[in-house]
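Visitor: For reference, the chains in residue letters:
Protein chains: 2
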Amino acid sequence: MKIIVDAFGGDNAPESNVRGSVTAVNLNEDLEIILVGDETKIKTELEKVGYDGDRISIVHAPDVITNDDVPTTAIRAKKESSLVVALDMLKGDEEIVGMVSAGSTGAVLTGATLKIGRLEGVLRPVMSAILTSENGSEVLIVDAGATVDAKPEFLVQYAKMGSIFMAGLTGKDKPKIGLLSVGTEDHKGSEFSKLVFELLKQEKDLNFAGNIEGRDILAGGVDVVVTDGFSGNVALKSIEAGVGFAMHNLKEAIKTGGIGAKIGYLFLKKSLKKTMSKVDYRNYGGAPFLGVKKLVVKAHGSSNAKSIYASILQVKRMQEFGLTEKMSKVFEKND
Amino acid sequence: MKIIVDAFGGDNAPESNVRGSVTAVNLNEDLEIILVGDETKIKTELEKVGYDGDRISIVHAPDVITNDDVPTTAIRAKKESSLVVALDMLKGDEEIVGMVSAGSTGAVLTGATLKIGRLEGVLRPVMSAILTSENGSEVLIVDAGATVDAKPEFLVQYAKMGSIFMAGLTGKDKPKIGLLSVGTEDHKGSEFSKLVFELLKQEKDLNFAGNIEGRDILAGGVDVVVTDGFSGNVALKSIEAGVGFAMHNLKEAIKTGGIGAKIGYLFLKKSLKKTMSKVDYRNYGGAPFLGVKKLVVKAHGSSNAKSIYASILQVKRMQEFGLTEKMSKVFEKND
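Protein chains in written order, with the working numbering: chain E, 1 to 335; chain Y, 336 to 670.
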């Protein structure tokens, strides 16, 4: 199975991207990786880790799209950038099943939509985010921030795409869908969310569980949280604020609590790290971009080798599950 | 100074409401409290704590509005409820400066708007929430969830009201205002938030600091976070989810980490509790409802005596600061 990796996207590129790819081929005999970017630099990284196998190939692309570039302009203008070259190959080569990039979110989304194109029937591809709930189950949020001004019909499609994706990830037959709102009662919500609620209720193939609140996102009650890109982005970053705030206060408690608190922390440290690593996004890969014709995973900008590897595995699993074919069938039929 | 307390709003009413009021008059010689609700039950509670002073009076109201009541209907139909009687008195009696209620949020908001009325020039009163940032400063979020379908002009007014309120609370001359969006750059946002951005930029009296993201809410960079009621509610509850998630994982680490982790926790416990109490909303009072003609504080539904007392103190401080007069001047002048 051939997967293409944008070797020059992300804060730790190309080192992490190359190392993650090497891990991927070393641990998965059926994988071939194409690394796209500055050939000399990629070769240097491969030499550093002593890789001399034949399941990693390099395609030279001298340019890089950064977070400072305007996505639509950069995709058109920077034809020699690692991202654009990777997308062009992904589009043209049937054998390449998907791409991983840790580059600019906007550029990856715009590029994938423009170059790879939407699946037939899909109104708007969607950025997803995978979180771990309190009970350890995985929760998908769609839209994580791709389309800030959405139409109600987009969200119904997000629910469908999220449902298919989570069926593949969890093995559940009918993943539970929650609509993000300001209260759990059916009548709670904005004019927009109420319209979405009515549309979702009519979708008999979906396991729609009604409205959920921000505080329910990590409770594990639903598998998919559907919302518009603005609220989804606010929710994800506010969760981050909440976790960061609690950890900040834990650190303060250790710092200001005298010798007793410091001793306490020493005892607790190992177990705390173990628990936290269970919910570290770096172990889970990136954010699948759903609704385009090929598999695209946007890895976190600060990805290390581990998260690049996890993102490659995500593409592999989605391919084995037949995600794109399953989605095609649903959208060709319904829309 | 006379403040009226809805003795029958909230999960712990009337006990917490009565006890909080007793603390308020005991610790503040200039305060008089009017408790509204079932007279016999209030008397019993007062006897329990041995209060026999003359700065607490009781006004009988046999009925109660619950969270199951539809706010608009309940405010009109339940004329003998503690909330409606309290609001009628607050409206009619010039000597009563404000009200505290821990009852149904919807009923308090609807009731205050209908009975007390908006300040001249105010398009829409707003529910605020006060959080503590990582550096210990207080952050006001407006709107915390009163109006889920807002107009851009509402948010400009929220910014003005929030600015005046935070000037009073923090003593800062020009509190910093951030607009909640999906990125910090000026051009980031939804069509709606971009319109608000342009309007806020034109308000030369406001210290507008531009867009902030969900993850910045608790960072302490701004004093006021402006947003619509839908996103504000999502942000607040997602922060709650994030904090809850981190605390859940801390508990898991203690539970599953063996004897070492448990010993560690024992050492750390005291310091952790102290740090957490600094950010416990119960010590800070409730959510001021801004833009109506009198001072209204919505205490948390699960308020204990401490938080009822803190909410009473909030009304007192807002009165001493002359909040309503200051707001009147700004809105009469500008709108």
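There's no promise every hint is true.
DMTMM-like, lysine to aspartate or glutamate: derived pairs with alpha carbons at most 20 Å apart [stated by the list, open to error]:
hint, chain 1, residue 1, chain 2, residue 2
1, Y, K523, E, E134
2, E, K251, Y, E488
3, Y, K608, E, E252
4, Y, K590, E, E134
5, E, K188, Y, D484
6, Y, K486, E, D149
7, E, K273, Y, E587
8, E, K194, Y, D484
9, Y, K613, E, E252
10, Y, K523, E, D69
11, Y, K586, E, D69
12, E, K251, Y, E469
13, E, K188, Y, E526
14, Y, K609, E, E252
15, E, K278, Y, E587
16, Y, K605, E, E252
17, E, K269, Y, E587
18, E, K151, Y, E526
19, Y, K586, E, E252
20, Y, K604, E, E252
21, Y, K523, E, D149
Simulated restraints, written as ranges between beta carbons of each label pair [what the hints assert, rightly or not]:
hint, chain 1, residue 1, chain 2, residue 2, range
22, Y, D508, E, K274, 41 to 51 Å
23, Y, K414, E, L195, 33 to 43 Å
24, Y, Q537, E, T66, 26 to 36 Å
25, Y, K509, E, K329, 56 to 66 Å
26, Y, T401, E, K172, 49 to 59 Å
27, Y, V384, E, E153, 51 to 61 Å
28, E, S277, Y, E520, 31 to 41 Å
29, Y, E533, E, D11, 31 to 41 Å
No lab work stands behind these hints, which were simulated from the structure alone.
Remember, predicted model here, so these are calculated numbers, not experimental data.
Even glycine gets a Cβ: it sits at the ideal position worked out from N, Cα and C.
Visitor: Give a verdict on every hint.
Guide: Hints and how they fare:
no., hint, result
1, K523(Y) with E134(E), "32 Å, violated"
2, K251(E) with E488(Y), "41 Å, violated"
3, K608(Y) with E252(E), "11 Å, holds"
4, K590(Y) with E134(E), "14 Å, holds"
5, K188(E) with D484(Y), "12 Å, holds"
6, K486(Y) with D149(E), "15 Å, holds"
7, K273(E) with E587(Y), "11 Å, holds"
8, K194(E) with D484(Y), "11 Å, holds"
9, K613(Y) with E252(E), "11 Å, holds"
10, K523(Y) with D69(E), "14 Å, holds"
11, K586(Y) with D69(E), "43 Å, violated"
12, K251(E) with E469(Y), "11 Å, holds"
13, K188(E) with E526(Y), "23 Å, violated"
14, K609(Y) with E252(E), "10 Å, holds"
15, K278(E) with E587(Y), "11 Å, holds"
16, K605(Y) with E252(E), "12 Å, holds"
17, K269(E) with E587(Y), "13 Å, holds"
18, K151(E) with E526(Y), "13 Å, holds"
19, K586(Y) with E252(E), "18 Å, holds"
20, K604(Y) with E252(E), "13 Å, holds"
21, K523(Y) with D149(E), "12 Å, holds"
22, D508(Y) with K274(E): 41 to 51 Å, "48 Å, holds"
23, K414(Y) with L195(E): 33 to 43 Å, "36 Å, holds"
24, Q537(Y) with T66(E): 26 to 36 Å, "32 Å, holds"
25, K509(Y) with K329(E): 56 to 66 Å, "58 Å, holds"
26, T401(Y) with K172(E): 49 to 59 Å, "37 Å, violated"
27, V384(Y) with E153(E): 51 to 61 Å, "58 Å, holds"
28, S277(E) with E520(Y): 31 to 41 Å, "33 Å, holds"
29, E533(Y) with D11(E): 31 to 41 Å, "32 Å, holds"
Of the hints listed earlier, those the structure fails to meet are numbers 1, 2, 11, 13, 26, in rising order.
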